[in-house]
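2 protein chains.
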Amino acid sequence: MSEVRVAGVGLTPFGNSPERTGRDLFAEATIAAFEDASVPREDIEEVLYGNFMGEIAEHQGHQGPLMADAAGVDAPATRYEAACASSATAVRDAVARIRSGQADVLLVGGAERMSNLGTGGATEALAIAADDLWEVRAGMTFPAAYALMAEAYFETYGGDSEDLAHVAVKNHANAVENDYAQYQREITVEDVLEAPRVATPLGLYDSCPISDGASALVLVSESYADRKGLDASVAITGSGQGGDRMALQDRETMARTPAASEASEKAYDDAGIGPEEVGVAEVHDCFTIAEVLAIEAIGLASEGEGIAAAREGRTTVEGEVPVNLSGGLKAKGHPVGATGVSQLAELTKLLRGDHPHGDRVEDADVGVAHNAGGTVASAVVHVLEVVA
Amino acid sequence: MSEVRVAGVGLTPFGNSPERTGRDLFAEATIAAFEDASVPREDIEEVLYGNFMGEIAEHQGHQGPLMADAAGVDAPATRYEAACASSATAVRDAVARIRSGQADVLLVGGAERMSNLGTGGATEALAIAADDLWEVRAGMTFPAAYALMAEAYFETYGGDSEDLAHVAVKNHANAVENDYAQYQREITVEDVLEAPRVATPLGLYDSCPISDGASALVLVSESYADRKGLDASVAITGSGQGGDRMALQDRETMARTPAASEASEKAYDDAGIGPEEVGVAEVHDCFTIAEVLAIEAIGLASEGEGIAAAREGRTTVEGEVPVNLSGGLKAKGHPVGATGVSQLAELTKLLRGDHPHGDRVEDADVGVAHNAGGTVASAVVHVLEVVA
Numbered sequence: 001m002s003e004v005r006v007a008g009v010g011l012t013p014f015g016n017s018p019e020r021t022g023r024d025l026f027a028e029a030t031i032a033a034f035e036d037a038s039v040p041r042e043d044i045e046e047v048l049y050g051n052f053m054g055e056i057a058e059h060q061g062h063q064g065p066l067m068a069d070a071a072g073v074d075a076p077a078t079r080y081e082a083a084c085a086s087s088a089t090a091v092r093d094a095v096a097r098i099r100s101g102q103a104d105v106l107l108v109g110g111a112e113r114m115s116n117l118g119t120g121g122a123t124e125a126l127a128i129a130a131d132d133l134w135e136v137r138a139g140m141t142f143p144a145a146y147a148l149m150a151e152a153y154f155e156t157y158g159g160d161s162e163d164l165a166h167v168a169v170k171n172h173a174n175a176v177e178n179d180y181a182q183y184q185r186e187i188t189v190e191d192v193l194e195a196p197r198v199a200t201p202l203g204l205y206d207s208c209p210i211s212d213g214a215s216a217l218v219l220v221s222e223s224y225a226d227r228k229g230l231d232a233s234v235a236i237t238g239s240g241q242g243g244d245r246m247a248l249q250d251r252e253t254m255a256r257t258p259a260a261s262e263a264s265e266k267a268y269d270d271a272g273i274g275p276e277e278v279g280v281a282e283v284h285d286c287f288t289i290a291e292v293l294a295i296e297a298i299g300l301a302s303e304g305e306g307i308a309a310a311r312e313g314r315t316t317v318e319g320e321v322p323v324n325l326s327g328g329l330k331a332k333g334h335p336v337g338a339t340g341v342s343q344l345a346e347l348t349k350l351l352r353g354d355h356p357h358g359d360r361v362e363d364a365d366v367g368v369a370h371n372a373g374g375t376v377a378s379a380v381v382h383v384l385e386v387v388a
Numbered sequence: 001m002s003e004v005r006v007a008g009v010g011l012t013p014f015g016n017s018p019e020r021t022g023r024d025l026f027a028e029a030t031i032a033a034f035e036d037a038s039v040p041r042e043d044i045e046e047v048l049y050g051n052f053m054g055e056i057a058e059h060q061g062h063q064g065p066l067m068a069d070a071a072g073v074d075a076p077a078t079r080y081e082a083a084c085a086s087s088a089t090a091v092r093d094a095v096a097r098i099r100s101g102q103a104d105v106l107l108v109g110g111a112e113r114m115s116n117l118g119t120g121g122a123t124e125a126l127a128i129a130a131d132d133l134w135e136v137r138a139g140m141t142f143p144a145a146y147a148l149m150a151e152a153y154f155e156t157y158g159g160d161s162e163d164l165a166h167v168a169v170k171n172h173a174n175a176v177e178n179d180y181a182q183y184q185r186e187i188t189v190e191d192v193l194e195a196p197r198v199a200t201p202l203g204l205y206d207s208c209p210i211s212d213g214a215s216a217l218v219l220v221s222e223s224y225a226d227r228k229g230l231d232a233s234v235a236i237t238g239s240g241q242g243g244d245r246m247a248l249q250d251r252e253t254m255a256r257t258p259a260a261s262e263a264s265e266k267a268y269d270d271a272g273i274g275p276e277e278v279g280v281a282e283v284h285d286c287f288t289i290a291e292v293l294a295i296e297a298i299g300l301a302s303e304g305e306g307i308a309a310a311r312e313g314r315t316t317v318e319g320e321v322p323v324n325l326s327g328g329l330k331a332k333g334h335p336v337g338a339t340g341v342s343q344l345a346e347l348t349k350l351l352r353g354d355h356p357h358g359d360r361v362e363d364a365d366v367g368v369a370h371n372a373g374g375t376v377a378s379a380v381v382h383v384l385e386v387v388a
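Same order as they appear, the protein sequences are chains A and B.
Note that full-length UniProt numbering gives residue 322 to position 322 of the first sequence, counting from 1, and the numbers run on in steps of one.
Note that full-length UniProt numbering gives residue 370 to position 370 of the second sequence, counting from 1, and the numbers run on in steps of one.
Derived by calculation from the structure, the hints in this document are not laboratory data.
Honestly, I wouldn't trust all of these hints.
Some chain A residues close to chain B (C-beta under 7 angstroms, calculated; not the full set) [claimed, not checked]:
1. I56
2. D69
3. A77
4. T78
5. R79
6. D93
7. R99
8. S100
9. Q102
10. D104
11. G242
Ideal Cβ positions, reconstructed from N, Cα and C, are used throughout, including at glycine.
Here chain A stands alone, though its shape is the one from the complex (with noise of 0.2 angstroms):
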């Protein structure tokens, strides 16, 4: 089975940049991509694609060929699509062609464009993550659904809203530094706790921005990155998903992520590791709870001790596995399509060390990115290794 290999990574800032399309932010971060990668475009086999809100945004489906015309790629294309964890099931599917010897080079990204619809009609498309029957026509939105979960976390394990600012200051002090971040700037607790309510107990800088922007992975084989001799360092040695009741409703509890803790079960199965290896981790934080509910899910924290860990301090930057490096969704933004795909880019820059937290975790031989899909009825998760 040929290992996978991360030959480089490509991103374009995140943030509003409404007159900018889809085709032209994925442009930029694979422009990027092949530069880190020194592999050139004709090599590439497919392009592996992931892409949520493109018919609404931009009245646009059959993303695949477009973005790899935008790519320079002249090859097969296919869009993925698991709401906010689109990205990331490219990345699985790149993972199993190489692995399997069917493919040694891949493209792999994805964008997302969504500040053109505003942040009511984002937050509008970004709805139908969820069941259209029986949660979106009851008035459900994302803030509300992770309100109920918020407030059913609290209920069975304690906690409060407090506890929860902490993630959002934590994610903006990591941003600061990251150039490609929405917001480079640092908040307060009382930044958090005074800013407008969302869907109560969530607050406005609870919440992640409504953001444009793309990301790119050239994907390798072990043997292809030996015989052009790239330099690869890191490789992608686990991968899991997991999935989950997609309405709330139909779910034994609002309060645990069943379906991230299946994907990461799989996904430290297939690396052949345990979270206790784990020295850095991007994880899904679209909401300040689902950073908490996210460490408990990949093992970074006890069953009900996630938000302890918050409160404390765990999983800052001189925490003992520092969580969202790069800002996260909460800081560095959250062009859906994007996403999983950003985790896995950040991810590879901090294990090689050309990271601006790079020296933070330069002992870190594992990261671990996790990213979900509406309430997490989908949930990715992958682990990177340094190998060379």
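Chain A is already provided as a structure; the job is to place chain B on it using the hints.
For chain B alone, coordinates are given in the frame of chain A:
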């Protein structure tokens, strides 16, 4: 490398049922597939699902987990989208996962609800499979695009509307015995030529209808099939995908479909066979000209000879290699996301002999499915063989 077996197939009748939801349709197809397969739902490891216009037709993204729910399956789920080739791309990844040993039992399918949009609304929704900026905004719909391709074909190789009419006549005749087909009635060449023009040289009867429907396959590894003593005599032995520039204007010619040629070459290579071994084919006849282009691309007619093959009846039920014995998209119907998998379901039934036209191809060991997205910017070809 594990061989991929078709354990069971399921279809809904294709037609117009605007009051039925996508999940309702998919549930019906999967009930049939599980019954046919004799595989318990608990054994399904992942759901791979194709859909094109769910965001527009049903205000529903993130359909993977929703469709796992509808199928009664507790497993991770991903949605694949490549316009009208959506569910064939899902099959491709299922093949990769079973071959690589990552999975033994997968549910693969697709569904589309379209007729609730009305013919105009559905045509508008379909248009976003083309390039929004350079084609759709210029007023191009798919009948117009395929009309351009037909004109280019006529100019390059000869032929006329009357030649194309034979494709529609053949496919309607084939569908008469197919209880799953939208149109179980014969038409004549005169009917086709006298029908209202949609986009010259294509008329109403050169065009597939707007359809609702779903399709499902239970795919298993050979070892699982053997262990469970399943009756799974048909294998997917070849899988290939091809790509082309998204917009027609960017291509060298509109008279050929190189993406489909690429897909079929890869699929034949993968299966280790050539087109001369094919005994029966299901191809993507969204318009009559598309079937002509398809049979050339998959090697059942040489370049420029597809039109003569149609005119001379070489692909009828009595011809050398029957094409679209199901009725094809033209008469069976074309619920976009369901079509790719439905082609494999029809071929499986043909190769097993439990199909209205099964007797006609009882000597056939090899079937080929050709599924196209957009103006064939995406193409997927699968080879099925009787192996047990």
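Now for the hints, and whether the structure bears them out:
Hint on I56 of chain A holds. Least Cβ distance to chain B is approximately 6 angstroms, under the 7 angstroms limit. At its closest, the beta carbon of D69 of chain A sits 5 angstroms from a beta carbon of chain B; the interface hint therefore holds under the 7 angstroms criterion. This hint holds: A77 of chain A has a C-beta 5 angstroms from the nearest C-beta of chain B, less than the 7 angstroms allowed. Hint status for T78 of chain A: holds, given a least beta-carbon distance of 5 angstroms to chain B, under 7 angstroms.
Using the Cβ-Cβ criterion of 7 angstroms, the hint placing R79 of chain A at the interface with chain B is satisfied: the shortest such distance is roughly 5 angstroms. Below 7 angstroms, beta-carbon pairs count as interface contacts, and D93 of chain A has one with chain B at about 5 angstroms; its hint therefore holds. Taking 7 angstroms as the C-beta cut-off, the interface hint given for R99 of chain A holds, the closest approach to chain B being about 6 angstroms. Look at S100 of chain A: its Cβ gets to within about 3 angstroms of chain B, closer than 7 angstroms, so that hint holds up.
For Q102 of chain A, the interface hint holds, since its Cβ comes within 7 angstroms of a Cβ in chain B; the closest pair sits about 6 angstroms apart. Taking 7 angstroms as the C-beta contact cut-off toward chain B, the hint placing D104 of chain A at the interface is violated, the least distance being around 14 angstroms. Given the 7 angstroms rule on beta carbons, the hint for G242 of chain A holds: about 5 angstroms separates it from the nearest Cβ of chain B.
Consistency with the previously given hints fails for number 10 only.
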